[in-house]
Amino acid sequence: GENVEQHPSTLSVQEGDSAVIKCTYSDSASNYFPWYKQELGKGPQLIIDIRSNVGEKKDQRIAVTLNKTAKHFSLHITETQPEDSAVYFCAASFSGNTPLVFGKGTRLSVIA
Amino acid sequence: ETGVTQTPRHLVMGMTNKKSLKCEQHLGHNAMYWYKQSAKKPLELMFVYNFKEQTENNSVPSRFSPECPNSSHLFLHLHTLQPEDSALYLCASSQGPVAGKNEQFFGPGTRLTVL
Chain R
118 GENVEQHPST LSVQEGDSAV IKCTYSDSAS NYFPWYKQEL GKGPQLIIDI
168 RSNVGEKKDQ RIAVTLNKTA KHFSLHITET QPEDSAVYFC AASFSGNTPL
218 VFGKGTRLSV IA
Chain V
674 ETGVTQTPRH LVMGMTNKKS LKCEQHLGHN AMYWYKQSAK KPLELMFVYN
724 FKEQTENNSV PSRFSPECPN SSHLFLHLHT LQPEDSALYL CASSQGPVAG
774 KNEQFFGPGT RLTVL
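Protein sequences, first through last, are from chains R and V. If you count by my numbering, then the first sequence holds residues 118 to 229, one letter each, in order. If you count by my numbering, then the second sequence holds residues 674 to 788, one letter each, in order.
Warning: the hint list may mix true and false statements.
The calculated lysine-lysine pairs, modelled on BS3-like cross-linking and capped at a C-alpha distance of 30 angstroms, are [stated by the list, open to error]:
id, chain 1, residue 1, chain 2, residue 2
1, R, LYS185, V, LYS714
2, R, LYS174, V, LYS714
3, V, LYS709, R, LYS154
4, R, LYS188, V, LYS709
5, V, LYS691, R, LYS139
6, R, LYS174, V, LYS725
7, V, LYS713, V, LYS691
8, R, LYS221, V, LYS709
9, V, LYS695, R, LYS221
10, R, LYS188, V, LYS714
11, V, LYS713, R, LYS174
12, V, LYS725, R, LYS154
13, V, LYS714, R, LYS139
14, R, LYS221, V, LYS714
15, V, LYS714, V, LYS691
16, R, LYS175, V, LYS692
Since the hints were derived computationally from the structure, they do not count as laboratory data.
Chain R on its own, in the form it takes in the complex (with noise of 0.2 angstroms):
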């Protein structure tokens, strides 16, 4: 079945600066690859996703790139945000047809 890893586990960048997260899988169907952030006390919401026909996927100042031959993806958050403290879950399914598998999440702390 699917496995996927995500690093780092927590991560301090100082407000403006960018944060990157990044995350591996292991079976190659994978096809469809979400990033949702959870607010404490909150459930986890979807802020953006990417499916294998595309390398790179942008929304404001969040991206997500896609290497399918190395297996891999990764969220860049440019000018951070206080806000954008959170617990953020990368996950990887085949579209339709199986449940997600998500990675173990990443605490990200935004420093004013």
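Start from chain R and add chain V according to the hints.
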């Protein structure tokens, strides 16, 4: 209400109690999920329902019993739990495999403490 709602938000129970967690989705989705979230562990998928039928049970102990009476409601019945079952229980929904999409939307979770 919109999205995915869960009740109660917090629950404290003894090991001999019986309680139920409730999840409701207002998104018109056909698939619903139960996850367990413990500290320093990945989200653990427990059960999956598609069109009210259970399609996945990830070796969950029988002290957890799911029920899906319709595509909008999902329950998790709890009995004879152990302290190690204390965790955040998250419900999620998606359009389901027929739609070819797997975007999942999560509820806020129920924080369960077993004494």
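Checked hints:
Using a Cα cut-off of 30 angstroms, the hinted pair R/LYS185 and V/LYS714 holds, with the two alpha carbons roughly 26 angstroms apart. For the hint pairing R/LYS174 with V/LYS714, the CA-to-CA distance comes to about 28 angstroms; that is within 30 angstroms, so the pair holds. The suggested pairing of V/LYS709 with R/LYS154 holds, with an alpha-carbon distance near 17 angstroms, which does not exceed 30 angstroms. Proximity of R/LYS188 to V/LYS709 is assessed by CA-CA distance (about 27 angstroms); at most 30 angstroms being required, the pair is judged to hold.
A C-alpha spacing of about 41 angstroms is found between V/LYS691 and R/LYS139, which places the hinted pair above 30 angstroms, so the restraint is violated. For the suggested pair R/LYS174 and V/LYS725, the alpha carbons sit about 34 angstroms apart, so the restraint of at most 30 angstroms is broken. Using a Cα cut-off of 30 angstroms, the hinted pair V/LYS713 and V/LYS691 holds, with the two alpha carbons roughly 27 angstroms apart. Between R/LYS221 and V/LYS709 the alpha-carbon distance is near 13 angstroms, which keeps this suggested pair within the 30 angstroms criterion.
Between V/LYS695 and R/LYS221 the CA atoms are separated by roughly 26 angstroms; this keeps the pair inside 30 angstroms, and the hint holds. For the hint pairing R/LYS188 with V/LYS714, the CA-to-CA distance comes to about 22 angstroms; that is within 30 angstroms, so the pair holds. The straight-line distance between the Cα atoms of V/LYS713 and R/LYS174 is roughly 29 angstroms, inside the 30 angstroms bound, and the hint therefore holds. For the hint linking V/LYS725 to R/LYS154, the alpha-carbon distance of about 28 angstroms falls within 30 angstroms, and the restraint holds.
The suggested pairing of V/LYS714 with R/LYS139 holds, with an alpha-carbon distance near 17 angstroms, which does not exceed 30 angstroms. Distance hint between R/LYS221 and V/LYS714 is fulfilled; the C-alpha atoms sit about 6 angstroms from each other, no more than 30 angstroms. Only pairs whose Cα atoms come within 30 angstroms are accepted, and V/LYS714 paired with V/LYS691 is accepted, the gap being roughly 26 angstroms. Between R/LYS175 and V/LYS692 the CA atoms are separated by roughly 44 angstroms; this puts the pair beyond 30 angstroms, and the hint is violated.
The structure is inconsistent with the numbered hints 5, 6 and 16, although it conforms to all the rest.
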